[in-house]
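K.L.:
If you want the building blocks of each chain, they are given just below.
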Amino acid sequence: MLTEREIISTLEMLENEHLDVRTVTLGISLIDCVGHNLETLKNNIYRKITQTAKKLVQTCDEIGEKFGIPVVNKRIAVSPVAIIGAAFSSSELVRVAHTMNRAAADVGVDFIGGFTALVEKGIARGDRALIESIPHALAETDRVCASVNVASTKAGINMDAVYLMGKTIKEAASLSADRDGIACAKLCVFANIPQDIPFMAGAYLGIGESDAVINVGVSGPGVVKNAIDRALKADSALDLGQISEIIKTTAYKVTKVGELIGREVAESLNIKFGVVDLSLAPTPNVGDSVGEIFQSLGLKSIGVPGTTAALALLNDAVKKGGAFASSNVGGLSGAFIPVSEDLNISEAVAAGYLSLEKLEAITSVCSVGLDMVAIPGDTSAETIAAIIADEMAIGVINRKTTATRLIPVPGKKAGDSAYFGGLLGQSVIMSVNNGLGDNRFIRQGGLIPAPIHSLNN
Amino acid sequence: MKKVIISVLGHDRPGILAATTQVLYEQGCNLENVSQTILQSEFAGVFIASMPDDLTVEKLNQQLENALGALNLYVFAKPVRVDIPIYDAPGSEPFVITTRGPDRKGLVAGITSVIARFGVNVTNLSAVFKGGDDPNQNIMIYEVDIPWRIDQKTFQKELREKATHLGLDISIQHRKIFEAINRI
Numbered sequence: 464m465l466t467e468r469e470i471i472s473t474l475e476m477l478e479n480e481h482l483d484v485r486t487v488t489l490g491i492s493l494i495d496c497v498g499h500n501l502e503t504l505k506n507n508i509y510r511k512i513t514q515t516a517k518k519l520v521q522t523c524d525e526i527g528e529k530f531g532i533p534v535v536n537k538r539i540a541v542s543p544v545a546i547i548g549a550a551f552s553s554s555e556l557v558r559v560a561h562t563m564n565r566a567a568a569d570v571g572v573d574f575i576g577g578f579t580a581l582v583e584k585g586i587a588r589g590d591r592a593l594i595e596s597i598p599h600a601l602a603e604t605d606r607v608c609a610s611v612n613v614a615s616t617k618a619g620i621n622m623d624a625v626y627l628m629g630k631t632i633k634e635a636a637s638l639s640a641d642r643d644g645i646a647c648a649k650l651c652v653f654a655n656i657p658q659d660i661p662f663m664a665g666a667y668l669g670i671g672e673s674d675a676v677i678n679v680g681v682s683g684p685g686v687v688k689n690a691i692d693r694a695l696k697a698d699s700a701l702d703l704g705q706i707s708e709i710i711k712t713t714a715y716k717v718t719k720v721g722e723l724i725g726r727e728v729a730e731s732l733n734i735k736f737g738v739v740d741l742s743l744a745p746t747p748n749v750g751d752s753v754g755e756i757f758q759s760l761g762l763k764s765i766g767v768p769g770t771t772a773a774l775a776l777l778n779d780a781v782k783k784g785g786a787f788a789s790s791n792v793g794g795l796s797g798a799f800i801p802v803s804e805d806l807n808i809s810e811a812v813a814a815g816y817l818s819l820e821k822l823e824a825i826t827s828v829c830s831v832g833l834d835m836v837a838i839p840g841d842t843s844a845e846t847i848a849a850i851i852a853d854e855m856a857i858g859v860i861n862r863k864t865t866a867t868r869l870i871p872v873p874g875k876k877a878g879d880s881a882y883f884g885g886l887l888g889q890s891v892i893m894s895v896n897n898g899l900g901d902n903r904f905i906r907q908g909g910l911i912p913a914p915i916h917s918l919n920n
Numbered sequence: 446m447k448k449v450i451i452s453v454l455g456h457d458r459p460g461i462l463a464a465t466t467q468v469l470y471e472q473g474c475n476l477e478n479v480s481q482t483i484l485q486s487e488f489a490g491v492f493i494a495s496m497p498d499d500l501t502v503e504k505l506n507q508q509l510e511n512a513l514g515a516l517n518l519y520v521f522a523k524p525v526r527v528d529i530p531i532y533d534a535p536g537s538e539p540f541v542i543t544t545r546g547p548d549r550k551g552l553v554a555g556i557t558s559v560i561a562r563f564g565v566n567v568t569n570l571s572a573v574f575k576g577g578d579d580p581n582q583n584i585m586i587y588e589v590d591i592p593w594r595i596d597q598k599t600f601q602k603e604l605r606e607k608a609t610h611l612g613l614d615i616s617i618q619h620r621k622i623f624e625a626i627n628r629i
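Chains as they are written, first to last, in the numbering used here: chain Y, 464 to 920; chain Z, 446 to 629.
Mixed in with the good hints there might be a few duds.
Selected chain Y positions facing chain Z (in silico; Cβ < 10 Å) [to be verified]:
| # | residue |
| --- | --- |
| 1 | R468 |
| 2 | L474 |
| 3 | L477 |
| 4 | E528 |
| 5 | E672 |
| 6 | L723 |
According to the in silico footprint, chain Y covers these stretches of chain Z (three or more CB under 8 Å from chain Y) [to be verified]:
| # | stretch |
| --- | --- |
| 7 | 582-595 |
| 8 | 619-626 |
Hint data in this document are derived by calculation from the structure and do not stem from the laboratory. Yeah, the Cβ is synthetic: ideal placement off N, Cα and C, and Gly gets one too.
Chain Y with its partners taken away, still in its complex shape (with noise of 0.2 Å):
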């Protein structure tokens, strides 16, 4: 027999704080899709997704309806296409992207990953077509994702790939320029970039995962906001590790839900079940806002002084609620901090709270990175290049994942508002230091060895 408090509590966090799934992603292996032409491998691409994920949309509403908890998102991630059509141009590989898009049109999913290259050593010719090949692939579709691993705790750093990666966000700005440089919005440059991933942009299927994957993206900012509130309401001298220990709680429910969620679904569709990634993913919906988290904690705004330290806080007791909860727990499973995505935080911006630099500071104590960071449209291929470089080097040297999703928005300049609409919510432009200026360093090239393991400080 279940308690009123139980059911009580269980539909409050659903009905009034947001709680839902963020995301099912269905990976799929397009390993056994390549072909020694480009129909056949379009064709073979096309008929495995379609088949692969034909019910995932109508089996996550059906069970979204029978647990009452929607799923927000179905999405599809696939085998790095750097890999399946490594033997193919870059102009072929834009083909490949409309494949892609055509196929996540048809299943009804509104993203799909996986137009991936993993560069973190070296760029294969397979790579660097596909690299070559992303403008055009993510400004001529609108479901494609694309990501780029360009360091490794293992490998290093691979400037020369960091570099390429500055000159090619700049070129899909351009050709997007009428939206804002959305093109962007779909691209992910990685360190240490998990294999299973549910998250757009940076999901894609690793090659050592199996032939179909049901990894699932947990949400959940408000929940948390909301459980903060109501102990600091009954109780406000609560201090920092009571207050851990009530991010904690939640952390669990929330991730039971998704491992819930997810096993449904796999079962459903006679699919592997993967991970539950455990990740607070905001939305641009008052109340659904990691920035809020941090005013709950009693910060004046994310961006000031004491962020990092609350940031540290809340990421470290997700993780071990999350962790208690699941013995399934990937992707990137920790805070995200999308500048466009979550009001509040665009809001920092705004107000002059948040910075660039401090955005960067506290990326070294939370996942993902600098995340949807719109910066001025005039900003260099290498200033851009340098940005990623440095988030790189913050993942590489503390052995955890860090990414860039920066936007250099045409014609925009520092102070202005960028739109990308939807999901991706909006933001006004971040100032960036020496826009424009000369950069020697990111143009040396080469590789930036990987850390030494010990005398750790």
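Knowing the structure of chain Y, use the given hints to seat chain Z on it.
P.N.:
Chain Z alone, transformed into the frame defined by chain Y:
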């Protein structure tokens, strides 16, 4: 072995369970199940016990009335029929139906009429109607077993229509979600 089921009702106070079970003990009965609840100020208890062959239900009733009547409690014992087959529940899944909304007459009757019409069995119901604006003060929670064989969509649709008609917000969710969130 004969079995008896006993219900005890009355204003709640200390000593009701002690008085009831003392009689059962003195009459040689062995308790098998007990469930009690308190609604507002009223106690309600149900007891199932096995009884010795030489004890009649009439005599037990008399003994219980003598002991509990003094406490202003109403008691009734009746034999448990073992010759009637137990209700054979069809294959089903456990759901929780929750309604919230302003109090008025006929809410439980309205909702249960739909539940019963579809052959859905209520395994637990708790309802509180205290009036006022707080939705949590006017709530019905039905734990039900929804048979696989019935048309789930039509059942849910009719239940939602009935709730709307009664001015209630309703949610219908699989029981597992509450267990997942609240229990280790």
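K.L.:
Against this structure, judge whether each hint is valid.
P.N.:
We went through each hint and held it up to the structure:
| no. | hint | in the structure |
| --- | --- | --- |
| 1 | R468 | holds (9 Å) |
| 2 | L474 | holds (6 Å) |
| 3 | L477 | holds (8 Å) |
| 4 | E528 | holds (8 Å) |
| 5 | E672 | violated (26 Å) |
| 6 | L723 | holds (5 Å) |
| 7 | 582-595 | holds (count 3) |
| 8 | 619-626 | holds (count 8) |
Of the numbered hints stated above, the single one contradicted by the structure is hint 5.
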